[in-house]
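Asks: Line by line, the protein sequences are chains Y and A. Each number in the numbering used here comes from the position in the first sequence (counting from 1) with 91 added on. Each number in the numbering used here comes from the position in the second sequence (counting from 1) with 3 added on.
Hints are not guaranteed to be accurate.
Computed list of lysine-lysine pairs in DSBU-like fashion (alpha-carbon distance at most 35 Å, straight line) [claimed, not checked]:
(1) Y:188 - A:21
(2) A:5 - A:21
(3) Y:262 - Y:352
(4) Y:331 - Y:147
(5) Y:262 - A:21
(6) Y:260 - A:21
(7) A:39 - Y:293
(8) A:40 - Y:262
(9) Y:262 - A:226
(10) A:39 - Y:260
(11) Y:188 - Y:147
(12) A:311 - A:292
(13) A:39 - Y:262
(14) Y:110 - Y:219
(15) Y:262 - Y:345
(16) Y:293 - A:21
(17) A:39 - Y:352
(18) Y:260 - A:292
(19) A:40 - Y:352
(20) A:39 - Y:331
(21) A:272 - A:226
(22) A:293 - A:5
(23) Y:100 - Y:331
(24) A:40 - Y:293
(25) Y:105 - Y:372
Simulated restraints on C-beta separations [said to hold, decoys possible]:
(26) A:175 - Y:171: 32 to 38 Å
(27) A:70 - Y:224: 28 to 34 Å
(28) A:184 - Y:265: 54 to 60 Å
(29) A:235 - Y:224: 39 to 45 Å
(30) A:129 - Y:128: 29 to 35 Å
Simulated from the structure, these hints should not be mistaken for lab results. For each residue, glycine too, the CB sits at the ideal point set by N, CA and C.
Spelled out from the first residue to the last, the chains are:
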Amino acid sequence: MTDSTRSFKTRYTKAETQKIANSIRRQILGIAIRSGGCYLSQACSSAEIIAALYTKIMNLGPSAGNWDAIPFPGVPGPDNMDYQHGSLYNGAPAPDKDRFFVSCCHYASVIYCALAATGRINPAALDKFNVDGWNMEMIGAEHSPGFENTAGSLGQTVSIAAGTAHARKIKGETGLVYCLLGDGELQEGQTWECIQTAGHYKLDNFVVVIDANGQQVEGAIKDQMTEEPLVDRFESFGAKCVTCNGHDIDDIVKACRTGHKNRPLVVICRTHGYTGVPLLKKKWPLLHFVRISAEERPEYEKVYEELGGKC
Amino acid sequence: MKIEVNTHERCMIDFAAKHPEVLVMSADLGSSCEVKKFRATYPDRYLTMGIAEQNMCSWAAGMCREGFRPFIHTFSVFLYRRILDQLEMSVAYPNLPVVFVGFVPGITTPGGVSHQSINDVGVLRTVPNMTIFDIGDATEIEGVLNLAYEVNGPVYIRMLRKEVPRLFPADEPMQFNRARVLSEGDDILILSSSICTEEAIRATGALKAKGLSVQHMHVSTLKPFTDPAILDALKKCRYGCVTIENHYQIGGLGTAVADMIAENGLGTKLVKIGVPGYTHGASKMYLMKKYGIDAMSLVNAVESLAGKDLGITEDFLEEERFVDFLEV
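Isolated chain Y (complex conformation) (with noise of 0.2 Å):
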């Protein structure tokens, strides 16, 4: 058995999607306890959604990436331009493979622990986590495995998405194209100029998914700027969009089976971003990147405890 080959299975029972989304939520909440803080949030809002996409929706080949953690590959640039992609971490690209773009990258640790979850990377790679010269950075990039690209200004993936969907169209390629947005991005005008081209070029071969946890980093979405009504504001631009409760598997899977013919299909995934962890709800909004003090720090060791994990 190689490496990218170990414990890699295509077919995950509900339960088994759920036991991995909730692995997520505890070793981030891990994360976040030993180092005092970490985009924890995120991790209780998507750990379905990510689960679902790796387990039951996108259509992957197994892992190509390095089973191990590697030191950071350098930047690219002509003289380094065969570094060890991060997409290689959800299969070698082949034209009926589903391919994966990450826009919200500061979900990185959560990206790294699905793909630990479901054979694609060593578990013990999460040790480099947000260390030194390691590739396992907290904000991804093209190197960070899961990533296929630099996402960190915001509204910039959905278009090299939709660019790749399109492409992939033109050449008559049968995958898709999945991009995972954070409902905040949606206030970037490029996200908007996005939906619109891809509509007009009828890309029925593209996914938007937003995890919709209705906060950003100064508070509720709602009171920073509004966004709703969003599903009339996709369909407007051009797209088919439904939501679903993005923390029930087998809604989440049921909305991005939806029917979209000559039009992308977006996912409004309405989540919270304390499910799992309650004791985060009482400093909702203020959730984007959580900070556990000394004080608190007992009361969420108690709750890692009740998840399974050991202190």
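Chain A: place on chain Y using the hints.
Replies: Frame of chain Y; chain A shown alone:
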């Protein structure tokens, strides 16, 4: 001097015929960027992206990742001011071979400050992985697409359109990172680019007639900027060097030359001729004179470096000029 018309229009079609993966992307200015005929010839390879440059840039990155070679066509000014972040994060950081074909560079448009890319070279020289070509004549228009295609990474072209003079022999195409020697001498070095090269040719003729030994080189690769022939010329010019460019005085050709002088420990005196700040909407020749990037300004700079009054007047300078661009 022969004036060529719509050279890029023809070249882009011929070039695409050789490279089936080449696409043209337009943000509603294709017909102002000489790709209207391309659209008619290759309708499936001409992607209208709407007036939405940010999305166009990132979209091009996605197409490029799948093996296509997008050539984005719009005005220069919209390719760096409006979309610098997209250009950097979607294209330059991953070193994707997207070609940005920027039209009406500098003051070659009467469209006023919003249309005039006077600091594009300065901004884009600071973008890692970026290659920059500045077109000076019809022969260079004919050569630049092939050069851009060979670059492993993103390319920005300051393209000229419509009536463009043929200053250089048609059988001597531009070369990557190599300046073109138009006159040899050792009193003064003139380095010129873009539409200023025609001005410099005119000035050089007048200066030589007054007995000055002039080395004139036309520069079309602005990044990288490591041509050893330019370094040699900087070492040998007795009075110093004058740069003249269709760009702000800061950040462009003159600044690249200043870097080269400093990095090599040369004491060469340098006069940088460029526009002194933001400009306004008017004809090209009016703007070149008003902002001092014309032959007379060059003569004055040379006289000042040489410490001589050569008695050259406007009348002395050849009056042959290429046709003004009147359209926005």
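Asks: Does each hint fit the structure? Answer for all of them.
Replies: Comparing the hints with the structure gives:
1. Of the pairs offered as hints, the one joining residue 188 of chain Y and residue 21 of chain A holds, with about 30 Å between alpha carbons and a cut-off of 35 Å not exceeded.
2. Between the alpha carbons of residue 5 of chain A and residue 21 of chain A the distance comes to roughly 28 Å, so the proposed pair stays at or under 35 Å and holds.
3. Between the alpha carbons of residue 262 of chain Y and residue 352 of chain Y the distance comes to roughly 18 Å, so the proposed pair stays at or under 35 Å and holds.
4. A distance of roughly 21 Å separates the Cα atoms of residue 331 of chain Y and residue 147 of chain Y; the hinted pair therefore holds under the 35 Å criterion.
5. Under the criterion of a C-alpha separation no larger than 35 Å, the hint pairing residue 262 of chain Y with residue 21 of chain A is consistent with the structure, at around 18 Å.
6. A threshold of 35 Å between alpha carbons decides the hint, and for residue 260 of chain Y with residue 21 of chain A the separation of about 22 Å falls inside it, so the pair holds.
7. Restraint check: the Cα-Cα separation between residue 39 of chain A and residue 293 of chain Y comes to about 24 Å, which is no more than 35 Å; the hinted pair holds.
8. Restraint check: the Cα-Cα separation between residue 40 of chain A and residue 262 of chain Y comes to about 24 Å, which is no more than 35 Å; the hinted pair holds.
9. Between residue 262 of chain Y and residue 226 of chain A the CA atoms are separated by roughly 34 Å; this keeps the pair inside 35 Å, and the hint holds.
10. The straight-line distance between the Cα atoms of residue 39 of chain A and residue 260 of chain Y is roughly 25 Å, inside the 35 Å bound, and the hint therefore holds.
11. Taking the CA atoms of residue 188 of chain Y and residue 147 of chain Y, the gap is near 14 Å; set against the 35 Å cutoff, the hint holds.
12. This hinted pair checks out: residue 311 of chain A and residue 292 of chain A have alpha carbons roughly 22 Å apart, not beyond 35 Å.
13. Distance hint between residue 39 of chain A and residue 262 of chain Y is fulfilled; the C-alpha atoms sit about 24 Å from each other, no more than 35 Å.
14. Simply put, residue 110 of chain Y and residue 219 of chain Y have alpha-carbon atoms about 23 Å apart, close enough for the 35 Å limit, and the pair holds.
15. Of the supplied pair hints, the one linking residue 262 of chain Y and residue 345 of chain Y holds, its CA atoms being roughly 28 Å apart against a limit of 35 Å.
16. Note on residue 293 of chain Y and residue 21 of chain A: the hinted pairing holds, with a Cα-Cα distance of about 29 Å set against a maximum of 35 Å.
17. Restraint check: the Cα-Cα separation between residue 39 of chain A and residue 352 of chain Y comes to about 31 Å, which is no more than 35 Å; the hinted pair holds.
18. For the proposed pair residue 260 of chain Y and residue 292 of chain A, the alpha carbon gap of about 51 Å is over 35 Å, so the pair is violated.
19. Only pairs whose Cα atoms come within 35 Å are accepted, and residue 40 of chain A paired with residue 352 of chain Y is accepted, the gap being roughly 33 Å.
20. Annotation: proposed proximity of residue 39 of chain A to residue 331 of chain Y holds, straight-line Cα distance about 33 Å (limit 35 Å).
21. The hinted pair formed by residue 272 of chain A and residue 226 of chain A meets the criterion: a straight-line CA distance of about 22 Å does not exceed 35 Å.
22. With a C-alpha separation of about 26 Å, the suggested pairing of residue 293 of chain A with residue 5 of chain A holds against the 35 Å cut-off.
23. For the hint pairing residue 100 of chain Y with residue 331 of chain Y, the CA-to-CA distance comes to about 31 Å; that is within 35 Å, so the pair holds.
24. With a C-alpha separation of about 25 Å, the suggested pairing of residue 40 of chain A with residue 293 of chain Y holds against the 35 Å cut-off.
25. Taking the CA atoms of residue 105 of chain Y and residue 372 of chain Y, the gap is near 27 Å; set against the 35 Å cutoff, the hint holds.
26. As the Cβ distance of residue 175 of chain A to residue 171 of chain Y is approximately 34 Å, the hint placing it in 32 to 38 Å holds.
27. The given range of 28 to 34 Å is respected by residue 70 of chain A and residue 224 of chain Y, whose C-beta atoms sit roughly 33 Å from each other.
28. A hinted range of 54 to 60 Å for the beta carbons of residue 184 of chain A and residue 265 of chain Y is consistent with their spacing of about 55 Å.
29. Hint check: residue 235 of chain A to residue 224 of chain Y, Cβ distance near 42 Å, so the stated range 39 to 45 Å holds.
30. Checked against the hint of 29 to 35 Å, the pair residue 129 of chain A and residue 128 of chain Y passes, with Cβ atoms roughly 34 Å apart.
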